[in-house]
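A.B. asks: Okay, here's what each chain looks like letter by letter:
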Amino acid sequence: MLAYTGKRLVSLVPILIVVAVVVFFVMHLTPGDPAAVMLGTEASQADIAQLRHQLGLDEPVLAQFVDWLGGVARGDLGTSIFMKMPVSQAIAEHVGPTLSLSILAQLVAAVLALPLGILAAKKRGTATDQMVMGVSLLGISLPSFLLGLFLMLVFAVELRWFPVSGYKPLADGFLEHLRYLVLPALALGSMQAALIARMTRASMLEVLNQGYIEIARAKGLREISVVFKHALRNAFIPIVTVVGQSFALLIGGATVTETVFNIPGLGQLIVNAVERRDYEVIQGVVLVIAALYVVLNLIVDLLYGLIDPRIRHKR
Amino acid sequence: MSVVMHNHTASDRAAALNEARLQYRREQRRIAWRSFVRHRLAFAGSIIVFAVLLLAVFAPVIARFDPLAVDVANRLKGPDAMHWFGTDNFGRDTFSRVAYGARISMFVGISVALITGVLGLLIGLLASYFRRLDYALMRICDGLMAFPAILLAIAIVAAMGPKVGNVILALSVVYTPNVARAVRSVGLVVKEQTYVEALGSLGAGHARILFRHIAPNCLTPVIVQGTFIFADAIISEAALSFLGAGIPAPAASWGNILYDGKMYIFNAWWMVVFPGALLMLTVFGLNMAGDGMRDLLDPHTKDK
Amino acid sequence: MTIGGMTDLSGTDGVRGEEASRKELLRIEGLVTRFHTARGTVRAVDGVSFSIGSGEILGVVGESGCGKSVTSRSIMRLYDENKAAGHEGKVLLKGRNLLELSKSEMRNVRGNEIAMIFQDTLSSLNPVYTIGNQIAEAVRRRGGAGKKEARRRAVDLLGAVGIPDPERRFEEYPHQLSGGMRQRVMIAMALACEPSLLIADEPTTALDVTIQSQILQLIGSLQERYGMSIMLITHDLGVVAEVCTRVVVMYLGQIIEDTDVRTLFERPLHPYTHGLLRSMPKADRAREGKLESIPGVVPSLHAVPRGCRFAGRCEYADSKCLEEMPSLTAAGEGHQVRCWHYDRIGREWGNGA
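Protein chains in written order, with the numbering used here: chain H, 332 to 646; chain E, 104 to 407; chain V, 6 to 358.
Hints were generated in silico from the structure; no laboratory data involved. Even for Gly, the Cβ is constructed at its ideal location relative to N, Cα and C. Heads up, some of the hints might be wrong.
As the list claims (entries may be wrong) - Calculated cross-link-like contacts (lysine-lysine; reagent style DSS-like; alpha-carbon spacing at most 25 Å):
hint, chain 1, residue 1, chain 2, residue 2
1, H, Lys453, H, Lys560
2, V, Lys153, H, Lys560
3, V, Lys108, H, Lys560
4, V, Lys28, V, Lys95
5, V, Lys28, V, Lys99
6, H, Lys560, V, Lys88
7, V, Lys95, V, Lys108
8, V, Lys152, H, Lys454
9, V, Lys108, H, Lys454
10, H, Lys453, V, Lys88
11, H, Lys453, V, Lys152
12, H, Lys560, H, Lys454
13, V, Lys152, H, Lys560
14, V, Lys108, V, Lys88
What the hints assert, rightly or not - Sample of chain V residues lacking proximity to chain H, with all beta carbon distances greater than 10 Å (derived):
hint, residue
15, Leu83
16, Asp213
17, Gln228
Work out the full structure: start from the sequences and follow the hints.
C.D. replies: Written out as structure tokens, the structure reads:
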């Protein structure tokens with residue numbers, strides 16, 4: 332397991348380098364002078380020059396990159412001129428709602444998808460199976476912000492079961508917190524659920540054909556323990572992979588879903604930053620989320636080792 | 104052991120052969136019918152996409168209003184015979200805006216699918232064929248795939264400015280790694296097949312092997328992935344515009360219409376429901392077509 | 006591995022004498038099993054009847070697709086529910102018809118009366134659990150054993166099937182064992198049920214020749230020790246010669262010959278059985294280049310011939326064979342055959358070959 336973990340860790344290095352390079356240089360694609368763009372048309376030449384200097388734009392690009400990378404390594408993501416605070420602080424203030432929303436959405440997805448995927452696999456070829464597959468295809472076709480709008484229209488505007496938008500932190504009580512997050516989490520989790528259900532079905536179908544399933548039945552085990560003890564754990568690797576990889580989709584969706592429901596998370600932070608051309612913030616948020624994704628996939632890889640002894644024992 | 108043919112059984116055997124032949128034909132018909140049923144998904148999906156494409160192409164003919172024409176007297180009117188999908192907060196005809204929005208969505212979707220198809224094919228082929236390039240190219244793809252598509256697109260558009268061209272460029276950057284990976288995995292398999300190795304030893308040039316022999320085998324994943332990317336690009340463009348990082352208002356893109364719709368969700372459900380339904384239908388059609396095509400073109404994933 | 010030539014069979018001498026006192030454990034009557042396939046419904050098992058005496062090792066022989074595995078799955082009632090299209094006949098275990106049992110009653114039969122081992126040992130053991138866990142699970146399923154007791158029993162069983170250092174092996178995963186070891190684990194798992202009938206589906210096919218005979222010896226010795234009956238499914242008559250007492254030969258979903266092992270090798274009556282015997286790899290024959298195989302291919306279950314199912318590949322076939330299906334008829338004491346011309350053909354064996 333140790334060798335396996337080490338190998339996984341080393342494989343992250345080139346990916347992180349690419350991520351850093353992309354984040355840094357994308358922001359330098361701006362045609363013209365970023366300082367002038369940031370300050371708008373009414374700024375004086377002196378102000379622009381001062382901002383250029385403050386941002387380090389008057390240095391060679393490579394030196395800027397090294398500076399920036401050094402800062403990132405120390406946890407310094409730069410300073411937002413508009414918010415008048417370090418980017419890392421701005422991120423820290425906005426990360427809570429995004430995490431709450433993402434975790435809840437992931438939970439909704441897993442709770443919906445696993446049983447449906449298992450059911451579809453057990454009933455392969457029947458009407459139940461086709462319905463699950465059809466609904467999941469529909470789920471994949473419904474982007475979270477659109478589903479969010481539809482849910483808002485039906486359950487908040489018409490039925491008034493849930494608040495239309497806004498956010499209450501956990502400190503205001505768990506139920507209140509949840510009440511505001513139900514619709515966004517459903518909206519965000521549905522596509523995830525569709526993906527997981529499809530993968531669960533495919534993976535279970537594969538596993539249910541294996542000899543050890545027949546042997547488990549031949550041992551006289553109940554179907555419940557055949558499916559849940561013997562089949563599901565083997566089917567988990569592709570499922571966990573899909574959960575990990577589609578987490579990027581989830582976070583991306585979260586930014587948009589937050590805008591739909593006015594949730595003050597990272598999504599709103601970046602959308603506001605786009606409006607204000609607050610490049611440092613955009614850069615910081617994108618970097619943090621990409622790094623989060625990389626770490627999450629590392630965790631997924633390590634989970635493989637826990638699930639499957641064959642991977643654990645491989646050097 | 105030799106099979107002894109008795110004379111009087113020859114006609115029996117001929118009859119049996121004939122029966123077998125008939126049975127074979129019946130079976131072929133059954134197989135054809137089954138694959139048609141399977142294609143139904145691809146077929147239905149294609150019909151939907153084609154219909155939206157027609158709407159987009161003939162928007163100027165179909166739409167009875169200028170999508171940008173403000174008519175303050177008729178603000179936020181519900182659907183009626185005049186304004187099929189109602190009007191928005193500026194009194195603009197929602198149907199016309201949705202129809203013109205289809206143009207933008209289709210244009211962005213097709214452009215991104217084509218660009219990522221060509222780029223992805225090229226990168227995937229190079230990676231599968233040249234081992235040294237492979238490592239570098241795949242790590243770059245890994246790095247790009249670490250970004251949630253919409254976030255990277257937001258960053259690129261924010262840097263370069265909100266224009267249709269920049270949206271297409273951003274989405275192409277985001278989705279190309281998917282195609283490249285799919286092409287590479289097929290390319291590696293094809294390359295291992297002996298006939299390509301045999302060609303190599305016979306002195307055929309790299310370019311010839313790559314494009315005459317490997318590339319045609321990699322078209323399947325490009326087409327299937329391309330269909331899904333078409334769908335994803337439409338979603339992403341709408342999301343970008345919805346966030347204000349895509350097609351700049353007042354242009355009639357579905358994302359912009361939905362953004363306006365959200366502002367007036369209490370008074371004008373039609374501003375959300377109609378463009379939303381069309382967006383969903385289009386993406387659903389593309390996903391159906393993609394699923395069906397994958398079943399059709401890739402026997403591996405077929406239900407056994 | 007010693008392949009049974011006629012002279013190696015002295016060990017089965019007593020079979021005929023035992024016939025009278027033979028006690029039936031399992032009796033199958035007119036079993037039909039149908040499956041849905043992409044090309045329509047087929048009868049994978051088509052009217053099979055045979056019996057297994059207690060303490061008997063019955064060999065079920067035939068080429069792949071002849072229905073021998075489906076027969077065993079039908080006894081266990083283990084088949085893909087989405088494909089099964091019904092069955093007929095009776096499967097009587099100690100007089101109880103298994104096909105009429107409820108699902109939970111059937112589960113008890115599986116855990117307590119009948120156990121099963123397969124050819125593919127790697128896919129037959131669950132890769133994510135230790136072998137000890139999987140054996141202990143079977144012990145506990147039988148009931149009456151706590152966690153500790155189950156573990157102790159499992160370790161004992163591992164020892165009983167000849168696995169060295171069973172305490173340590175208990176904690177290992179299937180992929181850490183060799184094929185032969187895995188087959189021993191499979192057998193230990195089957196023994197955990199203390200079954201009265203063990204169904205072994207090609208238990209040695211995937212193994213090395215030397216390991217094969219070890220496993221066969223193990224199966225033989227365990228049979229004596231535990232006194233269970235064994236249904237051994239194989240395509241290899243050499244395996245049959247080594248351990249079986251009776252043999253059933255199947256072809257395309259039907260039994261075509263049913264007899265004791267000695268008779269099978271000394272006086273086989275069905276031309277298909279002749280073909281199987283001739284295609285056995287035997288040292289002296291192979292040297293002389295006389296190794297033969299049966300010409301032609303097994304017809305598809307979708308296009309079962311009208312008459313005798315083997316007629317298309319049979320050198321003796323005449324118009325009667327093509328028209329009319331022969332029934333399984335008694336050709337001697339405890340010897341049944343499905344052939345119109347077994348009298349003539351049986352006489353030719355020994356002269357011709």
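A.B. asks: If a hint holds in the structure, say so; if it doesn't, say that too.
C.D. replies: Comparing the hints with the structure gives:
With a C-alpha separation of about 15 Å, the suggested pair lysine 453 of chain H and lysine 560 of chain H falls inside the 25 Å cut-off, and the hint holds. Note on lysine 153 of chain V and lysine 560 of chain H: the hinted pairing holds, with a Cα-Cα distance of about 20 Å set against a maximum of 25 Å. For the given pair, lysine 108 of chain V sits about 19 Å from lysine 560 of chain H by alpha-carbon distance, which is consistent with the 25 Å threshold. This hinted pair checks out: lysine 28 of chain V and lysine 95 of chain V have alpha carbons roughly 18 Å apart, not beyond 25 Å.
With a C-alpha separation of about 10 Å, the suggested pairing of lysine 28 of chain V with lysine 99 of chain V holds against the 25 Å cut-off. Of the supplied pair hints, the one linking lysine 560 of chain H and lysine 88 of chain V holds, its CA atoms being roughly 24 Å apart against a limit of 25 Å. Proximity of lysine 95 of chain V to lysine 108 of chain V is assessed by CA-CA distance (about 16 Å); at most 25 Å being required, the pair is judged to hold. A distance of roughly 34 Å separates the Cα atoms of lysine 152 of chain V and lysine 454 of chain H; the hinted pair therefore is violated under the 25 Å criterion.
Annotation: proposed proximity of lysine 108 of chain V to lysine 454 of chain H holds, straight-line Cα distance about 18 Å (limit 25 Å). A distance of roughly 12 Å separates the Cα atoms of lysine 453 of chain H and lysine 88 of chain V; the hinted pair therefore holds under the 25 Å criterion. For the proposed pair lysine 453 of chain H and lysine 152 of chain V, the alpha carbon gap of about 31 Å is over 25 Å, so the pair is violated. This hinted pair checks out: lysine 560 of chain H and lysine 454 of chain H have alpha carbons roughly 19 Å apart, not beyond 25 Å.
Proposed proximity of lysine 152 of chain V and lysine 560 of chain H is supported: the alpha carbons are some 17 Å apart, at most 25 Å. Among the hinted pairs, lysine 108 of chain V with lysine 88 of chain V is consistent with the structure: their alpha-carbon atoms are about 18 Å apart, no more than 25 Å. Residue placement check: leucine 83 of chain V does not keep its beta carbon more than 10 Å from all beta carbons of chain H (closest about 5 Å). Distance check on aspartate 213 of chain V: its Cβ is at least 20 Å (rounded) from any Cβ of chain H, clearing the 10 Å threshold; non-interface status holds.
At the 10 Å boundary, the C-beta of glutamine 228 of chain V stays outside the reach of chain H, the nearest C-beta of that chain being 18 Å off.
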